[in-house]
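Per my numbering, residue 1 is the first one in the sequence shown, and the count goes up by one each step.
The hints are simulated quantities; they were obtained by calculation from the structure and are not laboratory data. Only a predicted model underlies this, so the values are computations on that prediction, with no experimental measurement involved. Think of the CB as a built atom: it goes at the ideal place given N, C-alpha and C, for glycine as much as any other residue. There could be a bad hint or two in this list.
Just the calculated beta-carbon pair ranges, DEER-fashion [unchecked claim]:
{"hint": "1", "residue 1": "E331", "residue 2": "T25", "range": "16 to 24 Å"}
{"hint": "2", "residue 1": "T25", "residue 2": "L245", "range": "31 to 39 Å"}
{"hint": "3", "residue 1": "K297", "residue 2": "L2", "range": "27 to 35 Å"}
{"hint": "4", "residue 1": "N244", "residue 2": "T76", "range": "43 to 51 Å"}
{"hint": "5", "residue 1": "T134", "residue 2": "S167", "range": "17 to 25 Å"}
{"hint": "6", "residue 1": "R298", "residue 2": "K251", "range": "34 to 42 Å"}
{"hint": "7", "residue 1": "K71", "residue 2": "K326", "range": "39 to 47 Å"}
{"hint": "8", "residue 1": "K211", "residue 2": "P127", "range": "22 to 30 Å"}
{"hint": "9", "residue 1": "N61", "residue 2": "Q187", "range": "52 to 60 Å"}
{"hint": "10", "residue 1": "K268", "residue 2": "E302", "range": "42 to 50 Å"}
{"hint": "11", "residue 1": "V137", "residue 2": "A180", "range": "18 to 26 Å"}
{"hint": "12", "residue 1": "T76", "residue 2": "K268", "range": "22 to 30 Å"}
{"hint": "13", "residue 1": "A180", "residue 2": "T25", "range": "48 to 56 Å"}
{"hint": "14", "residue 1": "T25", "residue 2": "D162", "range": "39 to 47 Å"}
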Amino acid sequence: MLEKIREYLKEQQLVEKLQLKEPFTIEFLAQGEYNQNFLISAGQKKYVFRLNYGSQLNLENQIRYEYQALKWLERTNRTPRVLYVDDSCQKFSQGLLIMEFLAGKPLNYRNDLNEAAVIFGEIHQQPIDEAADTLFVKEKATILSARVNECQQLLEPVLHSDFVPISAQRLLAVALNQCAKNIKQQQFFVELDQWRVNNTEVNSHNFIIGKKGFLIDWEKPVISHPVQDISQFLASTTTLWRSNLVLTQTKKQAFFSSYLQTTGFDSKSFSEALRIYHPYLMLRALSWSAMAYDSYKRDTKELKNQEIFEKVSSYMNEDFLRQTLKEEVFE
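Based on the provided sequences and hints, a complete structural model is requested.
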């Protein structure tokens with residue numbers, strides 16, 4: 001694969017366009033559930049070469065969507081600059097893009113919560129213009145029903161699985177039914193009319209904290225109420241994902257105060273938004289985990305990550321499911 005990437009860069013004259021001086025190196029960087037990333041290094045110049053293996057938004061052209069999203073988001077100065085996209089799938093079977101490499105470390109929940117609040121705030125401050133309205137998938141009048149529909153699709157194989165524990169199947173089915181009954185609550189968001197671009201995948205490893213903080217991995221951004229990102233960021237399923245901790249109420253409140261100060265959003269209405277939305281976020285997180293667990297056990301995943309498998313396995317514990325499905329952001 002490394003040699004294939006090197007050949008591609010030369011064939012497409014990207015060595016010159018990216019000002020890569022020989023000898024430059026290519027090495028594996030990271031792998032998620034739907035992408036592989038490689039690091040191209042030539043002295044001080046560093047780029048990420050990203051291959052896409054699927055679309056969580058069921059898009060026909062996932063890599064083009066991600067490229068255009070990153071282009072729009074460059075105005076925030078909190079996301080990577082994207083430099084190149086190829087959706088022809090000729091040299092590679094996957095769509096690919098090249099973006100700048102951002103130096104730094106993943107977010108540390110113990111030390112970096114205020115920086116995360118400012119990153120979110122500066123991204124969520126951006127108003128939806130005509131370009132964004134044309135480009136992004138929208139979840140305006142459907143912010144809750146979209147989660148229910150998504151969870152129904154995620155749980156379809158789960159509720160007939162030979163691998164997912166029966167106790168987990170039952171708890172998820174009950175939670176899905178409860179969320180479906182309360183969909184009319186999404187009228188609150190319609191009346192609030194406070195739509196922004198959301199990342200929707202805001203675990204600690206999708207932040208880069210260095211001299212400046214950034215939010216990366218924009219596979220599935222949507223136009224929605226910003227509660228979608230904030231709810232997910234504060235959820236126990238997210239904080240446990242890579243960091244194995246649950247935020248205290250004090251930490252959550254400090255983060256929330258800093259976020260509101262940055263955005264100027266009203267505390268009362270945003271707190272109500274969190275109360276309404278969080279059960280849907282928790283159902284989505286656990287439904288996805290159950291789906292991933294089932295696909296790993298059935299050996300149908302094209303990309304595999306042992307750390308992710310171990311985490312979703314732990315989320316299938318009955319006591320954990322009971323507790324998290326009842327979770328509220330603020331007690």
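Do the hints match the structure? See the list:
In this structure the hint that E331 and T25 lie 16 to 24 Å apart at CB is violated, the actual value being about 50 Å. At about 35 Å, the CB distance of T25 to L245 agrees with the hint of 31 to 39 Å. At about 31 Å, the beta-carbon gap between K297 and L2 stays in the expected band of 27 to 35 Å. Separated by about 30 Å at the C-beta atoms, N244 and T76 break the suggested range of 43 to 51 Å.
Distance hint check: the CB atoms of T134 and S167 are about 45 Å apart, inconsistent with the given range 17 to 25 Å. Between R298 and K251 the CB atoms are about 38 Å apart, so this pair conforms to the stated range of 34 to 42 Å. For K71 paired with K326, a C-beta distance near 41 Å keeps the hint of 39 to 47 Å intact. At about 28 Å, the beta-carbon gap between K211 and P127 stays in the expected band of 22 to 30 Å.
Under the hint 52 to 60 Å, the C-beta atoms of N61 and Q187, about 33 Å apart, miss the expected range. A beta carbon spacing of about 45 Å between K268 and E302 agrees with the range 42 to 50 Å that was offered as a hint. Between V137 and A180 the Cβ separation comes to about 21 Å, which falls inside the hinted range of 18 to 26 Å. Look at T76 against K268: about 26 Å separates their beta carbons, and that is inside 22 to 30 Å.
Roughly 51 Å separates the CB atoms of A180 and T25, a value that falls within the hinted 48 to 56 Å. The hint said 39 to 47 Å for the Cβ distance between T25 and D162, and at roughly 45 Å that hint holds.
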